[in-house]
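Trainee: FYI, full-length UniProt numbering numbers position 156 of the sequence shown as 156, with every residue one higher than the one before it.
None of these hints come from the bench; they were simulated from the model.
One or more hints might be untrue.
Pair ranges (Cβ atoms, derived) [what the hints assert, rightly or not]:
#1 V154 <-> G70: 27 to 37 Å
#2 L167 <-> T4: 20 to 30 Å
#3 P135 <-> L65: 13 to 23 Å
#4 R182 <-> L65: 11 to 21 Å
#5 G70 <-> A130: 18 to 28 Å
#6 E157 <-> V66: 33 to 43 Å
#7 V131 <-> V66: 15 to 25 Å
#8 V163 <-> L65: 27 to 37 Å
Here the structure is a predicted model, which means the values were calculated and not measured.
Just so you know, even glycine gets a beta-carbon here, dropped at the ideal spot from N, CA and C.
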Amino acid sequence: MTATLGALGWLALVVMFGAVVPVVPTGAAVSGAAALAAHQQPLTVVLVVLAGAVGAYVGDLATYLVLGWGGERIARRLRWLREPQRLDRVSARVREGRVSMLLVSRLIPGGRVPVLLAAAVTGLTRRRFAVANAPATVAWSALYAAIGVVGRAVFPEPWQSVVAAILLVVLVSQLVSWAHRRRAAPVRPPATP
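I would like the entire structure built from these sequences, with the hints used as guidance.
Mentor: Next up, the structure:
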């Protein structure tokens, strides 16, 4: 039991670190931990969801606070936010659908930090952010844990399901990123001769 609690603590720390430093594959960490937990003690998957959600929540809160402190200066330096209309659009989306926007931003590679920046810069209060981010992080963690559990159902060996969960997360992330880039690409009119 002590080893399980230690592993869950490490998972929470990895996810928290990944929420602050967005190059760490936090979804893959939750999926792999859930796949392993499903093989060993299936009820532990619930604890994996909670550990992932707590790590994501604390990391998001830290990122939000840092972005709130330096947000205006950071926003002016980001190429995609130099147009005031873009920041206004993201800010309006954050205010309209706080939980859904925070959840969707976690699922799109590179989408979380811009949404957190928009939330911090446009005056979404800490309390409102804290309340809106809680269900988003739980839903995110549950989704990635479910990917790991599916891997457990398909593969008989724990290592196979962990590898499958990580590969599936990477594949889905890349597909979502590709679709997002394709949808956001400007439409060019056909060339006239």
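Trainee: Which numbered hints turn out to be false for this structure?
Mentor: 1, 4
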